[in-house]
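Engineer: Required output: the full structure, derived from the provided sequences and hints.
Here's the letter readout for the chains.
Protein chains: 2
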Amino acid sequence: MAEKQEKRTATETHLEQVVELLHRHELVENLVSRQENTRNGLVESLVHRQHLTELQQLLDRLHPADIAYILEALPLEQRLVVWDLVKAGRDGEILLETSDAVRETLIAHMDEDELVAATGQLDTDEIADLAPDLPREVILDVFKALSTEDREQLRAAMSYPEEAVGALMDFEMIEIREDVTLEVVLRYLRRLDQLPDHTDQLFVVDREERLQGLLPVNRLLVSDPDTLVADVMTRDYTSFMPEQDAHEAASAFERYDLVSAPVIDAEGCLVGRMTVNAVVDYIRESKDTETLAAGGLSEDEDLFASVWKSVRNRWAWLAVNLVTAFIASRVIGIFEHSISQLVALAALMPIIAGIGGNSGNQTTTMIVRALALGQITRDNAQKLFFKEISVSALNGLIWGSIVGLFAFLIYHSWQLGLVMTGAMALNLLLAAIMGVVIPLVMEKFDRDPAIGSSVMITAITDSGGFFIFLGLATIFLV
Amino acid sequence: MAEKQEKRTATETHLEQVVELLHRHELVENLVSRQENTRNGLVESLVHRQHLTELQQLLDRLHPADIAYILEALPLEQRLVVWDLVKAGRDGEILLETSDAVRETLIAHMDEDELVAATGQLDTDEIADLAPDLPREVILDVFKALSTEDREQLRAAMSYPEEAVGALMDFEMIEIREDVTLEVVLRYLRRLDQLPDHTDQLFVVDREERLQGLLPVNRLLVSDPDTLVADVMTRDYTSFMPEQDAHEAASAFERYDLVSAPVIDAEGCLVGRMTVNAVVDYIRESKDTETLAAGGLSEDEDLFASVWKSVRNRWAWLAVNLVTAFIASRVIGIFEHSISQLVALAALMPIIAGIGGNSGNQTTTMIVRALALGQITRDNAQKLFFKEISVSALNGLIWGSIVGLFAFLIYHSWQLGLVMTGAMALNLLLAAIMGVVIPLVMEKFDRDPAIGSSVMITAITDSGGFFIFLGLATIFLV
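Those protein sequence lines, which keep their order, are chains A and B. Counting the first sequence from 1 gives a position; the working numbering is that position plus 73. Counting the second sequence from 1 gives a position; the working numbering is that position plus 73.
These are computed hints drawn from the structure, not numbers from a lab. A virtual CB, placed ideally from N, CA and C, is assigned to each residue, including glycine. Wrong hints could be hidden among the right ones.
Reference listing, derived: stretches of chain A covered by chain B, where coverage requires no fewer than 3 residues with Cβ under 8 Å from a Cβ of chain B [stated by the list, open to error]:
| hint | region |
| --- | --- |
| 1 | 82-90 |
| 2 | 383-393 |
| 3 | 427-434 |
| 4 | 457-465 |
Structural biologist: Below, the structure is given as structure tokens:
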């Protein structure tokens with residue numbers, strides 16, 4: 074928030090400055106439009122232009138990622154004013170850094186030539202990232218302008234699904250041969266203007282492009298220049314296949330603290346490389362997707378999306394929720410006679426359902442996490458299952474007694490208290506069983522258990538909780 | 074799962090192998106204990122030992138992070154068998170890679186000497202990471218064995234809160250002077266056995282340790298060796314202060330694709346460096362904490378924690394939930410008379426509460442995310458607020474009509490349908506307002522809005538939903 078001066082980062086300060094300049098610009102614009110025909114018009118329009126120049130100078134100094142950040146935080150109208158001021162030469166890089174939702178609004182504002190120019194500046198792996206959001210004609214134009222090798226790379230990069238290593242890799246590898254000395258390598262590097270970002274190692278390949286080993290730059294620096302590459306290169310390295318799940322590659326980067334890693338095909342030929350920055354982006358995005366899904370959003374939503382677009386984005390989960398709520402409602406409907414006999418049941422039943430849902434989600438969260446880490450084997454699944462059952466049994470005893478006591482204190486009926494306790498224990502048991510089973514079954518059927526498990530478990534503990542509590546009450550109380 | 078051969082990673086295969094060997098070992102152990110006094114005893118015990126040797130050989134080949142992973146996935150008893158087989162020289166590194174919960178179980182199994190030996194092998198920043206989990210005597214022993222400089226570093230690293238840059242930095246910087254040539258730098262580096270991990274740049278400091286600039290290794294490699302460091306070093310770099318929030322540093326690493334960055338104090342002196350691997354771990358852990366909190370778990374839970382420990386870990390959120398459920402129950406209690414007059418209300422009320430909670434969580438998820446990215450300014454907060462109100466009004470119209478129709482179809486009362494529609498619209502409005510306000514207020518009071526917002530919004534839409542629906546029904550229907 075604006076008033077927390079001390080906690081603002083540099084980028085947040087830039088955002089404030091941009092907003093400030095936009096405001097001054099808007100104020101002047103309003104004046105101008107009102108006084109268009111007065112003799113002040115010219116002066117005002119100069120001041121107006123001055124604000125925009127100042128804004129442009131500020132933007133020119135910023136990193137593309139910072140401009141992307143500012144664009145994300147601005148309402149559509151202001152966003153487009155800023156976007157128009159961004160130097161044409163940088164718009165490709167900035168588009169790469171924005172979220173899909175915001176990128177869409179920016180691309181919709183550009184004509185075909187601008188898009189071709191923006192995309193043309195990028196590396197092939199970056200073009201592949203933008204491609205799904207670009208009009209088909211733009212992609213064709215860009216494709217035509219590429220060299221044969223680049224076309225090959227673009228085609229390769231676009232052929233992999235979003236979740237594959239192939240979609241995250243780039244092609245900026247420095248390749249060397251194993252039969253030369255480090256001195257030769259050093260001279261070769263010195264002939265280059267600069268090395269690609271994240272070059273922490275050079276790739277040693279043979280004439281058929283088959284990967285023979287890796288030469289870490291740090292080893293190149295500390296070794297005697299007369300040594301052969303073959304004598305200092307490392308043959309023990311982590312590599313990935315382009316078809317491999319990006320999730321696995323990300324885990325390996327995290328586990329082995331990698332900066333870059335080779336991507337090789339089935340013949341052992343080097344086809345690309347993964348770098349840690351792509352991995353960081355991937356980790357952040359996949360965690361984001363989970364958070365959004367857990368919050369009931371289908372996809373990334375532009376903060377300033379139109380109302381209609383937002384409604385559509387939230388549609389799916391609300392509909393699912395509505396269906397489960399209707400089912401729960403009909404379960405209660407079955408017991409309307411019992412409720413009319415003993416209206417306290419209506420007041421108490423949400424407690425059973427609520428705690429059951431909470432407890433089931435706790436179990437599911439544990440299991441989903443262990444599944445994501447690949448820590449669940451056939452051997453320990455059973456142990457886990459019994460652990461969760463025991464936890465829920467103990468919880469049932471404790472929380473069951475508390476809610477039973479609560480019911481007794483309010484309604485002065487020990488029978489009602491006992492039914493509460495029993496229903497609570499049974500619903501927690503149901504929650505534990507389903508909390509383990511649902512994610513395991515989803516995993517079995519190749520669905521992401523992180524998405525949807527929570528809705529399902531809540532649906533079951535709601536309807537189940539109502540059924541158990543009202544059922545027990547009907548048998549023992551009514 | 075075991076049967077999905079094609080999807081298993083190398084590490085998951087290692088886990089399976091370890092489990093397999095442990096099983097064979099256990100089988101033999103059972104035989105031995107049953108046949109202790111027979112003449113087969115010796116043979117069995119040899120076979121027994123053979124399995125353990127095989128297991129040890131497998132473990133020796135694995136990366137410390139992989140061993141940590143396997144330890145996490147094993148039930149306590151098996152975990153300790155494996156832990157005993159791990160070479161003493163590597164246990165420090167492995168402890169660093171485990172989760173806090175599992176680390177605790179391993180440390181509890183080690184005596185003081187083992188802990189001192191394990192910790193003694195580590196760098197000072199790593200010792201600082203382990204320190205909170207170690208007995209006080211162990212830390213004192215380790216501290217005594219350190220050099221004066223290392224003691225200084227350890228004291229510095231331990232003085233920062235877990236969420237500060239200072240707690241994540243390490244001290245493995247290579248420092249050079251600006252008035253030497255690159256040739257001199259190259260010769261200096263060649264005298265070292267190896268460079269620290271993630272050395273993508275050298276730190277240029279003056280005699281007072283004040284940071285003057287950075288020399289990227291890649292620039293060192295492509296530049297003429299006769300150039301002065303001062304002429305090629307970059308003076309435009311991102312640096313952090315040790316007190317700074319790690320969250321900000323992580324955003325900068327992500328945004329600017331950094332591999333390492335200097336940490337400087339208020340006088341501009343170099344005190345440490347941040348590396349991307351620390352950032353990746355930090356991002357993963359903070360996302361994990363959010364996921365756990367969203368699932369109702371207080372902290373990281375060992376997959377095979379004792380039942381009692383698990384119950385305690387889940388206690389807090391269940392208790393919070395129980396309180397909110399009791400409140401909701403009492404809200405319903407107020408209207409018991411109305412419900413006894415019209416029992417359909419009991420069946421319909423969870424629909425209003427449920428959809429309200431879902432919709433409120435959608436809004437909150439958006440706002441929490443924008444807050445985490447620092448994208449909410451005083452200027453756009455109002456715009457966001459009105460957008461969310463509009464979305465909820467539109468949703469209220471759509472979903473309100475559907476639930477109204479549902480109520481009409483089931484209970485054949487258009488009055489009941491109208492009350493449903495009205496209650497739905499009002500509760501969605503409440504959800505939208507609270508969905509924006511709660512995270513903003515939490516942020517204002519320096520609480521993490523990602524943790525707890527969801528529980529609060531659900532509590533309000535539950536109790537509020539019941540109150541609105543039953544209140545309207547009491548006024549218009551009863």
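Engineer: Look at each hint and say if it fits the structure.
Structural biologist: Results of checking the hints against the structure:
With 5 residues carrying a beta carbon less than 8 Å from a beta carbon of chain B, the region 82-90 of chain A meets the three-residue requirement, and the given coverage holds. With 5 residues having a beta carbon nearer than 8 Å to a beta carbon of chain B, the region 383-393 of chain A meets the requirement of three or more and the stated coverage holds. By the rule of at least three residues with a Cβ nearer than 8 Å to a Cβ of chain B, the coverage given for the region 427-434 of chain A holds, with 5 such residues. Note: the region 457-465 of chain A has 4 residues with beta-carbon separation from chain B under 8 Å; the three-residue rule is met and the coverage holds.
Violation of the numbered hints given earlier is absent; every hint is satisfied by the structure.
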